[in-house]
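In UniProt numbering, the protein residues as written are 1 to 602.
Read the hints as simulated data drawn from the structure, not as lab findings. In this text, all values refer to a predicted model and were calculated from it rather than measured experimentally. Ideal Cβ placement from N, Cα and C applies to all residues, glycine included. Do not rely on the hints blindly, as some may be mistaken.
Here are the simulated DSSO-like pairs of lysine-lysine, each with C-alpha atoms no more than 30 Å apart in a straight line [said to hold, decoys possible]:
hint: 1; residue 1: K566; residue 2: K357
hint: 2; residue 1: K566; residue 2: K237
hint: 3; residue 1: K368; residue 2: K357
Have a look at the derived ranges for each label pair, beta carbon to beta carbon [to be verified]:
hint: 4; residue 1: V185; residue 2: L159; range: 49 to 57 Å
hint: 5; residue 1: E236; residue 2: P569; range: 45 to 53 Å
hint: 6; residue 1: H184; residue 2: D504; range: 35 to 43 Å
hint: 7; residue 1: G313; residue 2: V185; range: 43 to 51 Å
hint: 8; residue 1: V192; residue 2: L582; range: 49 to 57 Å
hint: 9; residue 1: A244; residue 2: T208; range: 12 to 20 Å
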Amino acid sequence: MSGASKPAAARRKPPDMSTPFEVETGEVTLSGHVAGPEKAPVVLLIHGYPDDSTVWDGVVADLAADHRVITYDVRGAGASTAPAGQRGYHLGRLMADLAAVIEAQVPDGARVHLVGHDWGSIQGWQALVDSRTRHRIASYTSVSGPSLDLAFGAMSERLRARKLAALPPMLGQMLRSWYIFAFHVPAFAPLVWRAGAAHLWPRLLRRTDGIEVAPRAGQLADALRGINLYRANFREKALAPRPATIEQPVQLLVPRNDPFVSPAVFDDLATRVPHLVREDIESGHWLPLKDPALLAARVRRFVAHVDGGRDCGALVHGRRLAARKTAGAGPLAGRLALVTGAGSGIGRATAIALAGKGADIVATDIDKAAAERTATLARLVGVEAHARVVDVSDAGAMAALADWTDDVLGGIDILVNNAGIGMAGDFLDTRIEDWRRVLDVNLWGVIHGARLFGARMAARQSGGHIVNVASAAAFMPARGLSAYAATKSAVLTMTTCLRAELADQGIGVSAICPGIIDTGITDRTTFVGASAETQDRKRAAASRLYARRALTAEAVADQILAAILKNEPVALVGLEAVIGNLLGRVSPALMRRLAGADLMPK
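Take these sequences, add in the hints, and give me the full structure.
Shown next, in the form of structure tokens:
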């Protein structure tokens with residue numbers, strides 16, 4: 001054909017049971033495959049740069065069991081032919097290609113569910129507003145590629161409004177996009193690809209995403225031609241963006257560890273995309289290769305929702321995240337945090353502090369009225385808040401709570417295991433029932449929370465954070481605190497182990513070790529081996545001591561917040577906690593001597 005050139009690379013062996021096709025459009029011939037049942041919902045996948053449609057093979061193998069799946073090599077890639085010049089890669093030509101593929105493979109005006117990755121995602125956004133394609137698209141799933149019109153439009157708007165808070169994310173994305181600037185330097189990018197980048201491509205994917213891929217014969221040719229995608233479109237869109245409202249349902253999958261596209265690029269989209277679902281995923285740029293099963297599952301769920309009205313907690317979570325993620329919103333905007341023991345003290349202060357940073361709240365406590373009061377205070381900040389009654393020592397009740405958060409709210413992103421009780425008195429006076437009670441709440445409550453919610457965080461692959469509230473007593477032995485200190489030492493050690501286990505899944509785990517904090521815990525502390533009258537006297541004395549220390553629950557909440565935002569392993573709250581931790585490391589013998597001092601209230 002006139003002006004067209006045939007790529008040197010041979011087409012790979014197509015997925016099992018797929019049917020090849022060719023479509024002529026303008027000056028090129030597109031090569032593709034279709035797989036899956038003819039009467040099933042149609043899913044069309046568009047690949048990015050410098051890939052061809054083989055990037056979708058794992059996704060196709062999964063989706064084709066119950067969907068009609070179409071893939072094709074975009075112009076200039078894989079087995080499709082290439083246009084003669086740079087203008088042949090303009091988005092207008094790419095939209096004509098997409099329209100031709102849909103018309104040829106999906107007759108009778110039926111609509112398709114579009115999925116795009118990288119440059120395929122950029123094309124997908126354009127297809128939602130292009131007059132040739134928008135009426136044929138039932139839904140869109142975007143992975144690692146923004147709408148150029150919406151992204152550049154938002155950037156221009158923020159610059160005109162002189163929004164200083166928007167500058168750091170914009171500069172961050174510019175740094176990630178260094179290669180786009182390089183692609184516009186004459187001869188530079190082709191020289192790099194020819195000098196060995198194409199040969200090293202599998203090694204780069206192994207390093208950035210942990211993906212093992214075989215070398216592809218057409219990698220160099222696809223990379224060289226695909227540079228024109230950037231040169232033909234970016235300058236035009238940057239200088240004259242045309243943002244428009246998008247009416248189709250859109251599912252936005254945002255890999256948190258993408259080195260090329262910042263998650264912040266997708267903030268504020270809900271203003272232009274009213275039917276938007278967003279999920280931030282603990283993965284890198286090449287999600288179709290890294291975890292095709294996860295991507296196929298998200299597409300399957302979204303198609304079922306759009307076609308059949310099937311809603312679920314995960315989509316509720318996604319709508320909340322999309323709506324809350326706006327420029328200037330708090331760093332935890334759209335995240336859902338659950339705090340145990342939130343009815344008072346450290347728990348209540350933490351729930352309100354998290355709400356102040358944009359997180360929605362689930363406040364749990366054994367006291368219903370106290371939990372509801374905390375939820376009411378959180379709502380005053382402007383977030384969504386729920387109150388639930390739960391006894392953290394009850395494994396069944398905690399499992400039911402975890403199921404409820406999944407089914408109704410889509411799962412939590414932050415867990416603060418704060419619920420605990422105080423216990424003091426001599427070891428020999430501590431009865432079996434006393435041990436069971438303090439272990440059930442202080443240790444088993446943390447175990448139940450971390451196990452149940454941690455497993456759900458890991459399964460969702462969206463990252464998260466778990467905070468376990470221990471105590472300075474975990475590393476400061478003292479007479480009269482054997483039971484309490486044992487539980488807090490166990491919490492601290494378990495937290496350290498759990499942090500190591502969950503790090504690879506993007507889940508942070510932090511231990512908080514407060515010193516003497518003025519909360520209501522002393523009013524409820526059990527002094528074992530003492531009469532009711534003596535317990536009341538000791539509680540009053542302990543409360544006076546803690547009040548004189550004047551270290552508040554809000555100070556602990558601030559440290560919890562910092563631990564979440566900075567992913568800190570341990571936070572020590574109070575000078576006594578810092579000194580005690582230091583002495584325990586420098587002079588364990590001195591700590592043992594100090595432990596002999598009788599500091600219990602009389």
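These are the hints, each one checked on the structure:
{"no.": "1", "hint": "K566 with K357", "verdict": "14 Å, holds"}
{"no.": "2", "hint": "K566 with K237", "verdict": "36 Å, violated"}
{"no.": "3", "hint": "K368 with K357", "verdict": "25 Å, holds"}
{"no.": "4", "hint": "V185 with L159: 49 to 57 Å", "verdict": "25 Å, violated"}
{"no.": "5", "hint": "E236 with P569: 45 to 53 Å", "verdict": "48 Å, holds"}
{"no.": "6", "hint": "H184 with D504: 35 to 43 Å", "verdict": "37 Å, holds"}
{"no.": "7", "hint": "G313 with V185: 43 to 51 Å", "verdict": "48 Å, holds"}
{"no.": "8", "hint": "V192 with L582: 49 to 57 Å", "verdict": "52 Å, holds"}
{"no.": "9", "hint": "A244 with T208: 12 to 20 Å", "verdict": "33 Å, violated"}
Violation of the numbered hints given earlier is confined to hints 2, 4 and 9; the remaining hints are satisfied by the structure.
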